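There are 2 protein chains.
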Amino acid sequence: MSKTTLNKISEILGISKSTASKALNNYADVSPKTKAMVLNLAKELDYTPNSFAQNLRSQESKIIGLIVPEIVHYFFSNIILGVINAASKCGYAVVVVQSNDDYEYEVKQLDALLQKNVDGVLLSFADNTNNFKHVKSLLSNNVPLVLYDKISKLIDCNKVVIDDIKAAQMATQHLIDIGCKKIAIVRNKLKSQTTIDRYKGYKKALLLNDIEYDKLLDIETEDVSLESGKKAALTIFENHKEVDAVFAVTDLLAIGVLETFKENNVQVPEQISIIGFSNWLLTQITTPHLSTIDQPGQQMGKVAFDLLYSEIINNKNNVKEPYKTVVIDTKVISRESTK
Amino acid sequence: MSKTTLNKISEILGISKSTASKALNNYADVSPKTKAMVLNLAKELDYTPNSFAQNLRSQESKIIGLIVPEIVHYFFSNIILGVINAASKCGYAVVVVQSNDDYEYEVKQLDALLQKNVDGVLLSFADNTNNFKHVKSLLSNNVPLVLYDKISKLIDCNKVVIDDIKAAQMATQHLIDIGCKKIAIVRNKLKSQTTIDRYKGYKKALLLNDIEYDKLLDIETEDVSLESGKKAALTIFENHKEVDAVFAVTDLLAIGVLETFKENNVQVPEQISIIGFSNWLLTQITTPHLSTIDQPGQQMGKVAFDLLYSEIINNKNNVKEPYKTVVIDTKVISRESTK
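First to last, the sequence lines map onto chains A and B.
The first sequence: position 171 = 171 (this note's numbering), numbered continuously.
The second sequence: position 100 = 1100 (this note's numbering), numbered continuously.
Hints were generated in silico from the structure; no laboratory data involved.
Accuracy of the hints is not assured; some may be wrong.
In silico lysine to any residue, SDA-like type, Cα no more than 25 Å apart, as pairs [unchecked claim]: (1) LYS1339(B) - LYS136(A); (2) LYS1230(B) - GLU1259(B); (3) LYS1062(B) - ASN7(A); (4) LYS1043(B) - TYR103(A); (5) LYS1324(B) - GLN1284(B); (6) LYS1316(B) - THR5(A); (7) LYS136(A) - ASN1007(B); (8) LYS324(A) - ASP210(A); (9) LYS1136(B) - THR1005(B); (10) LYS191(A) - ASN142(A); (11) LYS1203(B) - ASN1265(B); (12) LYS1153(B) - LYS1230(B); (13) LYS1062(B) - LEU154(A); (14) LYS1043(B) - GLU1070(B); (15) LYS43(A) - VAL1107(B); (16) LYS316(A) - ILE1196(B); (17) LYS1116(B) - THR287(A); (18) LYS1262(B) - THR5(A); (19) LYS166(A) - LYS136(A); (20) LYS62(A) - THR1005(B); (21) LYS1062(B) - ASN85(A); (22) LYS1166(B) - ILE1196(B); (23) LYS316(A) - LEU1207(B); (24) LYS1241(B) - GLN1271(B); (25) LYS1182(B) - LYS1153(B); (26) LYS1108(B) - ASP306(A); (27) LYS1182(B) - LYS1116(B); (28) LYS1136(B) - ASP210(A); (29) LYS1215(B) - LEU1154(B); (30) LYS1204(B) - THR1005(B); (31) LYS262(A) - THR1260(B); (32) LYS339(A) - ASP1329(B); (33) LYS108(A) - SER1021(B); (34) LYS1316(B) - ASN7(A).
Quick caveat, the model's predicted, so the values are computed rather than measured.
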């Protein structure tokens, strides 16, 4: 047995396939009686229209591709949700792929998406992506692209980001406002634009408050994992007793720092305040609850899709609009780890 | 400008479109010289084969649909990852949709997937799904379906689950083994098969250890949220000082219970032991770290895709195999909240 096809409907009713198709698509040159007959039978047979033929005619799949660095990740889960909710409202489905935060795999996954003829792509770069041939090839083929979160300023396309410099500056300023003076930063290597910008924001806040940047309090980690946070905290605990606050560039790093301080009986926030970045659900579970920067993933996902959709529609109508970069607002979430 | 098409390649090289297509698909009746010429030009022009025409010929999209109740959810994120990694290896893309854990929306999303002509569907039911007309219609149209995690025994298809009865029994037995005698269960309403089975497992462990089931220690909650866990803990704290252990049917419930006990100076595990269910990342962050049942999402996602893929291949070859239910192993993860 096979799926119900247009063939079957036309056969049963003794009409041509094209009449059956026209009836289903509500064409004016088919009689209301025939239309009703076809629609009733289609319903009875659970007929699903063959989108392959429709796609071939329209050269549209009504499917978009979404590349995320990591799927098991609170922020990116929120991105996915924001994208699919917005896409669903416009009749688009979303193919989700993961780059494993790796350039080579990102290229491969983008290629796989294009082979499915997606109508557009949403992409957040892997940390080690610094060659952009793959996205330039996409753009030269006129496939709409929106970069979100981890972007590159070298690519000319629509983008949606938060202002990482401003957000990190706000986080550091929050620590200064509550009286902290020796503020360490825990960060991964200065490769991705987000880390670079958060680092800049930290230094900017120090500068504006006449606090000297201290290279020794600038702790570089391998990555942004819990384990790396723990190692960084150990360095601070063993060598820098003067530190009274830590700004960690991700929540996982911050939680690692917190765990290690607790293990070593360092009181948070009495001795050291800690602030993270992203507002993962995890931050509401730690003891004490973690202060952080809210990074609204669902909203970012929605805006990313909306930008892509506009471009798809514009392309259909041969309209060309200048590319935009939408900046999503963030705020400090002050909880128990900073007092 | 439009995407590079087969037309353009054939035009530039002065060969027929069908020859160009055959060259790209490595047909034997095209000379090696022509093949090389076509492939080089295709590469130069960043040509992506038109999958619409391919799909129409094969009546395959090489896309499958994955319905999850909730996307921002550690376990389901792992499911998604397991599915897309397995699918990618077989050349399949995965459209991800969310049912919002709601029957009506689940029906709508399944319909949206079918309109994209997916080759098969992976589905975990919403908590309030107890009408199965939508999946029966799917099956009668011969669209391969695999149910995972939240399944129904009433549907005849491939399934992948954990043995929730056994897992809950193991969790309760763990509490008994460490000396607990007054063991409360915190659970949502007995609607989904998973909750029903975890409830059965709890009662089975009590029975096997000659501990009487106490209706008063059976705390029913609105849902499986953190807040519901907190409310349940308050009921236990205020009315049942004799309780020495809690089995919560999800990690979020367990964490809510833990938070409220801590706020009320109940020592965990000294006064009350707590065990959750699922092994979310969160459970490694709480103080004390939470004991739980490991529920391997990635493995479940992989097995679900593999079952679907087998069925797709079998259908192509007109092979019919009996449906299987694969049971994934679970284990108790003993941490600081049970001693």
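Which earlier hints can't be squared with this structure?
Of the numbered hints given earlier, those the structure breaks are 1, 5, 8, 9, 10, 11, 12, 13, 14, 16, 17, 18, 19, 23, 25, 27, 28, 29, 30 and 32, listed in rising order.
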